[in-house]
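Visitor: For the record, the sequence lines run as chains A, B and C.
This note's numbering numbers the first residue of the first sequence as 1 and each following residue consecutively.
This note's numbering numbers the first residue of the second sequence as 784 and each following residue consecutively.
This note's numbering numbers the first residue of the third sequence as 989 and each following residue consecutively.
Derived from the structure by calculation, the hints contain no laboratory data.
Hints are not guaranteed to be accurate.
Stretch by stretch, here's where chain C covers chain B in the computed footprint (C-beta under 8 Å, at least three residues) [claimed, not checked]:
hint: 1; stretch: 824-832
hint: 2; stretch: 850-858
hint: 3; stretch: 893-901
hint: 4; stretch: 954-965
The beta-carbon is built from N, C-alpha and C at its ideal position, and this holds for glycine as well.
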Amino acid sequence: MPDYKWPEADQRTLIGKRITRVDSPFKVSGRAKYTYDTKRPDMLFGKMVRSPYAHCKVVSIDTSAAEKMPGVKAVHIVQGAGSEIFWAGDEIVAVAAVDEPTAENAARTVQVRYEKLPHLVSDAEPPGNLPEGGPLGEREIRDMYFTQQVPAAEVVAQIQKNGIDFKPNEELLTQAKQVGMPDAVVDAIRNAKIIPPGEGSYYERAAAQTQGDPDKAFSEAEVTSEGLYGVPVITHCCLESHGSIAEWPDNDHLFVHISTQNVSGIPGQMAEPLKMPATNIRVHQDHIGGGFGSKFSPDRWGIVTAEISKKAGGKPVRIMLERDTELEVAGARPSAYGRVKLGAKKDGTLTAWQSQSWGTAGPGGGGMPPLPYVFKVPNQRKEHIAIRNNIGPARAWRAPNHPQACVITVCALDDMAAKLNLDPLEFFLKNLAITGPRGDNYREEFGIAADLMAWKQKWHPRPAKVSGVVQGVGLSLHTWGGRGHKSDCDLTIYPDGSVDIKLGSQDLGTGTRTAILVVAADTLGIPMDAINLQIGDTLYPPSGGSGGSTTIGGVSSSTRRAAVDARDALFAKVAPVLDAQPADLESANGTLRVKGNAGRSLSWKEACAKLGAMPLTIRGKNPDPTKPPDLTNSGVGGVQMAEVEVDTETGIVRVKKMVAVQDCGLIIDLKTAESQCYGAMIMGISYSLYEEKIMDQTTGRMLNADMQFYRLAGLNDIPELVVHMMTGKGYDERGVIGLGEPPVISPGAAISNAVANAIGVRVPFLPLTPGRVLNALEQKAGA
Amino acid sequence: MSDDPKQAEERAGVSRREFLKISGIGVTVPLVVGPEVVLAAGEEVPVYGPGKVPIELTVNGKQYKLQVEPRVTLLDALRDDLDITGAKRVCDRAECGACTVLMDDKPIYACALLAIEAQGKPITTVESLMQGGNLHPIQQAFVEQDASQCGFCTPGFVVACKAFLDQHPHPSPEDIRRGLSGNLCRCGTYKGIREVLAQAAQKGA
Amino acid sequence: MRPFDYVTPKTQQQAVSLLSTNWGQTEVLAGGTDLLSLMKDDVLAPKRLVNIKQLPNLRGVTYGRQGLRIGALTLLAEAADDANVRKNYPVLAEAVDEAASPQIRNMATLGGNLCQRPRCWYFRNGFGLLPKDETGKDLVDQGDNRYHAILGNDGPAKFVSPSTIVPMLIAYGATITITGPKGNRELPLEKFFVIPKNEGEREHDLRANEIVTVISVPPAEGLKAAHYEVRQKAAFDWPLAVAAVALKMNGSNVSSARVVMGQVAPVPWPSPEAEAALVGKSVTENAARAAGQAALKNARSLSHNAYKIQLARVAVKRAILKAAGGAA
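In isolation and in its complexed conformation, chain A is listed as follows:
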């Protein structure tokens, strides 16, 4: 059996080193072509007519003026008369014309009459007198069992008690079984009462769970602490907006350039709505200008782009979202707020958790974040109310649900530490025993972070009174899975020595291209630039979507297996020439040689010539139980510390320093791994201090769908950042684990805690704006 396992530290030539990103030269020179930059022959430009109302019915549509307009090539009704619209900015009509100004003129002539319906765009705390229960949604049940890990028996009881609000057809039930839902739950769904969701019912009890004996634990608690915490809806604000260019080379084949995190997964999602086989859909993307979780699907506008292209005789049509639409409809992170009560012993041991949380993910309502986060408090009672409203659909945003859970939990713990007059570092260390298997990692990471932050020197008890400019420090911790996704990789060695690698993957700016080349080059013993890597096309073997920090584990594993097999196949060809056994050969520095005998060698080129006339292609896969060991793993930990300065007269918060200590198993490229952490902290500072999707209750519109009042942190808002990656023994041998999500989880809690440490009072909600900080200070002064 070939040896697929990752090389030992002393054998690695590239893996784990600081390797410069391979596509940077193209990006810094403007040569990298994104979907938005792509111009196809005779390309038409599409524009959408969008709903101005957050909830309405389309009464009538008149497109006659647009259809007669010179230069207009197609007009397509997306949601016709009678359609109910659930958020402002939703697509009603599309037009395609010879240029963008003409398309804009045409869209403006379309007359749509709407009947306005009542809307809700708020995610304020739900009224206290909600009816108990209410029917369960399909996703709720899934979340309950898989995400919140509610025992099957309790899930069954909830289904029997509350009923369900969907029709459980057999296909759905089979699917549920396939993904591992226990038979008892599936049977309960099959036999459940079906209760249609109430007309205009905005609130849905998404979870209500009890573990242990919270009443007893609270009555016995020596100290209790209560608080309110939360994070609002924020947007993805990808700099390259969502969109695509669709064209029909012939009547049966579709060719799509699309800005996506999911190249291989797009055809399957377009096939059904377009009623064509997925195999007839080709998708291509060279570079993507940001996704952050919002670009997995073709979206309705992507389907519309294909449809209107067909109407226009198959000519390429480009529809990229405008910035305001991008912010209004193309991605939002669900909000989450919670009232938390904690119980503890005087020595700091946590004993009880109680939370009433709520939040919205738009029309779908959303589920409960994983509360309490990381700390498995022995006695718990928690309930979550999902608000179904009209702000537009939420999407996965880096580490879905974790930043929210982290703020609600870690800030509550920090307040408990303050109540106990404990340094939160001591308090968190004390309770690491209930964090599960990562406890020792967290302990080690907290130790390193504390040194890098000079925590002992900087931490002080919360001040009773403040004036002027004050400083504080705060900490947080987080976890994530990150097991590698399914990935196929074709590696071809040509007799002339050239090598190419093909995967239907994508590089979100995380360094995927670089990582694939590092693994292949390290394995084959040739330079990275000797390999021609092609990704971003459905012509290449399928590789998973880049979400949930699954890419690095997937592509590194499939590439490693392909490269090991290819190398060994080459060894088999050249062994007789070198008068050795294949197992005695090694490949390094562009040379194949007998181990320990540099004299008996062939150059890479000479060796490849022995392949004969035909190139050698090997497919590597992940997962592949036939080719052990498992090269990827799941479960990482990380801790972060923030130091802030708060002007108590203006409430303005500036982050002065942040430290991230992170583990992620075996690191492929240390440089791009560190960049993921730097970027995550910067994004974290941005959402902690500035970001919020602001909705107008009266008109139902997003008020700050632009880049001046939807504030993103700028270059000058970023302080000294320190990253320490855990590597070496205890980490490397775990295998490769993803890193995109974890470091973006902690900043909110760490910064909020630092502000509380500085000003002596909790600012309940992010972002920590001057208004909120001053308000908290005023309440503290009045208390």
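On the provided structure of chain A, position chains B and C as indicated by the hints.
Guide: Coordinates of chains B and C only, in the frame set by chain A:
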């Protein structure tokens, strides 16, 4: 559906005749060639648009002739008409800096300038910074410091940094605060960009 | 953006005669950094743009016994870098240098900075400058007004005057020259800004066929001045409050003062209350704080912007202390 832009204009309800009726200013004098003119303060002033008009742009030292409506921005003309796509369209409202180009060697937002106004002024885009196949030292520094992730803000940032460092070879933090505030990044590459500036400051660019 | 005619007059007379007498028909294009955004958002849909960038004698700064003359077409970057401005009005140079971003300062004109439209998000989203719902109820009052006015907000106008430079110019006693069909008129800069009472009125005393041509600032010798902005972000961010202060001192006491706030009212907001609180006093932390209190004495918060009263007080206080501590 015909392709005649003249008809388009008539049907869109913005014909010149109608416009002049509303505004009550000047009389159109049809010329044999070239644009129509209005009389203003006793002199003829040419009127361009609202249909496509011929313009000339000088981009990266090259002359381009193109036909655009007056409402087309320099950014859209570069990208859609000339296929020079280094400058990106992100906010399209002079807020994010992804469209930064140089005009008369000064950084501007190409999204906030009409193409018709850019005539006669040298425009420099990120594409021109490479010389003979080699990256400009600032571009090289961006590569070494890993100052790009998704890369969509990067061309604008590179152009803004180049203009800034030309002006401030040894920038102070205060210079940086005021002089490099006009570009935003979403992935969080600011740490790398700060290293680029620090590196340049040391070398004196 | 809707289609429009584009003309480039060569003289002020031509420019003025190419402009319509009615708002809505024509707009003046100078830097364009704000105008084009408004047109892309369909808040403005002029049928003609009159590009005045070619007009002679309106770009550049001169300085003499009368003080400073800044042509309205002078770019912000040019004004901030001008040797006379830096030497004689360093705080004005600083205010200009703090405005927006380098790219905007290389495009936007000082005249345009005065004429830019409010950043009110209801206005920018097409609900009007004095936004109302279908029943006639004020959208700002019932909506999210966290960035709206805390002074001068008892009428239908709740937006805030956007320029961050204007308060300093007013504190320096600037006047502007406006050119129209009947020639020039000159007025104190603070009179240029008006609070509209009806939708369709603008927030400037400017007719549709007039252009701002010159900004004049009297000599500032002996003035102690300062400018202070409370901003969430370190740079390129709309401030939450601005204060500009110019003090004349008699020994260690203030003999006269100008205190002007920005981002607090639909117009730049001079505060005679703060000025009165300062005159005759030496500038101490307490005196500055009292002036800040006085400046906001008549403030009235809306549902979401009470914090701005505190921010404006602090801005005034800090500007006064900065002025007393520094040179003109």
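Visitor: Name the hints, by number, that the structure is in violation of.
Guide: none
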